[in-house]
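Number of protein chains: 2
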Amino acid sequence: MGFSVTILGSGSALPTTHANQSAQVIEMGNQLFLMDCGEATQINLRRRKVKMQKIDHIFISHLHGDHYFGLVGLLSTMRLLGREKPLYIYAPKGLQEIVELQFKNANSDFSYALVFQEVTHAGQLLLETDKLKITTLPLKHRIPCFGYLFEEKEKDRKLIPEKLAEHDIPNYARHALTKGEDFISTEDGRLVKNIELTKDPEPPKAYAYCSDTAYNEALFPFIKGIDLLYHEATFLNEEKEWAKKTYHSTAIQAAEVARKCNVKRLIIGHFSSRYKNREPFLQEGRQVFENMDIAEEGETFYP
Amino acid sequence: MGFSVTILGSGSALPTTHANQSAQVIEMGNQLFLMDCGEATQINLRRRKVKMQKIDHIFISHLHGDHYFGLVGLLSTMRLLGREKPLYIYAPKGLQEIVELQFKNANSDFSYALVFQEVTHAGQLLLETDKLKITTLPLKHRIPCFGYLFEEKEKDRKLIPEKLAEHDIPNYARHALTKGEDFISTEDGRLVKNIELTKDPEPPKAYAYCSDTAYNEALFPFIKGIDLLYHEATFLNEEKEWAKKTYHSTAIQAAEVARKCNVKRLIIGHFSSRYKNREPFLQEGRQVFENMDIAEEGETFYP
Chain A
4 MGFSVTILGS GSALPTTHAN QSAQVIEMGN QLFLMDCGEA TQINLRRRKV
54 KMQKIDHIFI SHLHGDHYFG LVGLLSTMRL LGREKPLYIY APKGLQEIVE
104 LQFKNANSDF SYALVFQEVT HAGQLLLETD KLKITTLPLK HRIPCFGYLF
154 EEKEKDRKLI PEKLAEHDIP NYARHALTKG EDFISTEDGR LVKNIELTKD
204 PEPPKAYAYC SDTAYNEALF PFIKGIDLLY HEATFLNEEK EWAKKTYHST
254 AIQAAEVARK CNVKRLIIGH FSSRYKNREP FLQEGRQVFE NMDIAEEGET
304 FYP
Chain B
4 MGFSVTILGS GSALPTTHAN QSAQVIEMGN QLFLMDCGEA TQINLRRRKV
54 KMQKIDHIFI SHLHGDHYFG LVGLLSTMRL LGREKPLYIY APKGLQEIVE
104 LQFKNANSDF SYALVFQEVT HAGQLLLETD KLKITTLPLK HRIPCFGYLF
154 EEKEKDRKLI PEKLAEHDIP NYARHALTKG EDFISTEDGR LVKNIELTKD
204 PEPPKAYAYC SDTAYNEALF PFIKGIDLLY HEATFLNEEK EWAKKTYHST
254 AIQAAEVARK CNVKRLIIGH FSSRYKNREP FLQEGRQVFE NMDIAEEGET
304 FYP
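Chain order of the listed sequences is A and B.
Using the numbering used here, the first residue of the first sequence is number 4, and each one after it goes up by one.
Using the numbering used here, the first residue of the second sequence is number 4, and each one after it goes up by one.
Next comes chain A alone, as it looks inside the complex:
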């Protein structure tokens, strides 16, 4: 499995028949992560044939309904489908009480552990494995709100099969070679430099999810040079003042963030339902940052 981001929803507060509320599935290091969970996310997971029980970690940016109203339904469904392994939920303070109150009223036994971790500050380390690291990002919104940064770790060096054959390298030595060690024969002591037998791995990639937020320079140091940035763009430039007032961004502002942070690619979403056509978002934004696209429902992006 590679590293990918599949968009389930790119609408904002008002769901319509063509725009779902915020939700994304991130595949990385052989794991599935769910990012935000607007109403009907479980239906959209089914529609996209995502194996929902493979999701072990759910990240909620903030407690406006279009980012989490689908969560409790998804948790119920996981229970009804017999889930046993724990599920980890990362969110600002308040979500645990909301979820637990609803299950208390349903008088439902839980078949699996629901582990809440409160997100309290930017740069907070939430998850780290040998393959990846997930931390929080500072966003600026009307209520506590966080972005999430998904970073791959340095990968193993790539073996060059014909070189291994040429130098008659035994199998047991392969693992150490991927870690960058030189080969020293245990039989005759001969040495072959690592650089003769391996090549550089692909550089580690990074993806940042930033929704909802006003234009926020405090975010910049965290996302400098990353491969893929999702940044909200609720409004077009004509609504710049309204965007500021409601702590949202315009397409141009999202593009400015991408340009100033020198990210490789930008995708935008969280469009206000007042816009029937998403094309003007690209027209405006691409004047500032060319490599940007709409995070359309159903599309998959690769950092």
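Watch out, some of these pointers could steer you wrong.
Since copy identity is lost for identical chains, a pair holds within one copy or between any two.
[To be verified] Here are the simulated DSBU-like cross-link-like pairs (lysine-lysine), alpha carbons at most 35 Å apart as the crow flies:
#1 LYS182 with LYS243
#2 LYS243 with LYS107
#3 LYS243 with LYS158
#4 LYS263 with LYS54
#5 LYS166 with LYS107
#6 LYS134 with LYS166
#7 LYS52 with LYS166
#8 LYS143 with LYS107
#9 LYS57 with LYS247
To be clear, the hints were calculated from the coordinates, so they are not data collected in a lab.
All of these numbers come straight from a predicted model, not from anything done at the bench.
Fit chain B to the given chain A structure using the hints.
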């Protein structure tokens, strides 16, 4: 406007891409009522082109998520669309706390009054106008759960235009005639019997919503002879024991309720997602009660 019941969802706990969770729109006496509100009900209201702001009263049968997880999203949307008139919500204890906790965390001002009325017992009068009466029904489920009975009131007598002309009845007398009074001329004192000038109105109709429930004879006195009964039928007969254990009904049991209560027509819903085909529900049930149908999503029924 007449009296109609439009099905938005007939699935049960596990929503799928083809079966929505419980929700119905009832049109009656120039008002729209929403019955239960499973996840994504607001999307289904849009899909069916129901004017959601015309809904002033929402009835929730019980606090299992498939009957109310779409409520808080719908309430948010009504707020964002600028609703100002009050909204009345009828539900068992617990719902108000759940809804208010979520709006508190969103830090959202409310543009309209949300008025909760707790449903506590069967036969409880919830709403009465000159045209209709809505009361609660006793259901038997794992947690407190109520059905709802919608009854039209006796309608006005129907004027017979050619008879009014023949007897030279003045316009001012029409209203009293529809109320069953005889005509007595204020000019010459002549009398025309009401029965000469009017005919009987259509008899008042009644609709009962009964979900979720085990087979429950306590319900019978409340629904004797009504025009239309929605009764849950989560399982086929082969799952009779499981139905009993989970406080649900089979299609045959729903049909028995209809037959014993001598209702005119039965519709069934709340089908378990284990059944891909709904036809066997009719095959089983119609052996007990012929005039029964599936409450398919999108269909409208007239009591």
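Homomeric proximity label, LYS243 with LYS158: Cα distance no greater than 35 Å: The answer is neither: 42 Å in one copy and 56 Å across copies each exceed 35 Å.
Status of LYS247 relative to LYS57 across identical chains (alpha carbons, at most 35 Å): For LYS57 and LYS247, only the inter-copy Cα distance (32 Å) is at most 35 Å; the intra-copy one is 38 Å.
Copy assignment of LYS243 with LYS107, given that the CA separation must stay at most 35 Å: between (43 Å within a copy, 28 Å between copies)
Identical-chain pair category, LYS134 with LYS166, by Cα at 35 Å: within (27 Å within a copy, 89 Å between copies)
Alpha-carbon proximity context of LYS263 and LYS54, limit 35 Å: neither (37 Å within a copy, 45 Å between copies)
LYS166 and LYS107: within-copy, between-copy, both or neither at 35 Å Cα: neither (62 Å within a copy, 64 Å between copies)
Identical-chain pair category, LYS52 with LYS166, by Cα at 35 Å: Close neither inside one copy (42 Å) nor across copies (67 Å); limit 35 Å.
LYS182 and LYS243: within-copy, between-copy, both or neither at 35 Å Cα: Classified as neither; 50 Å inside a copy, 61 Å across copies.
Copy assignment of LYS143 with LYS107, given that the CA separation must stay at most 35 Å: This pair counts as both: shortest intra-copy Cα distance 33 Å, inter-copy 19 Å.
Checked against the numbered hints above, the structure violates hints 1, 3, 4, 5, 7; every other hint is satisfied.
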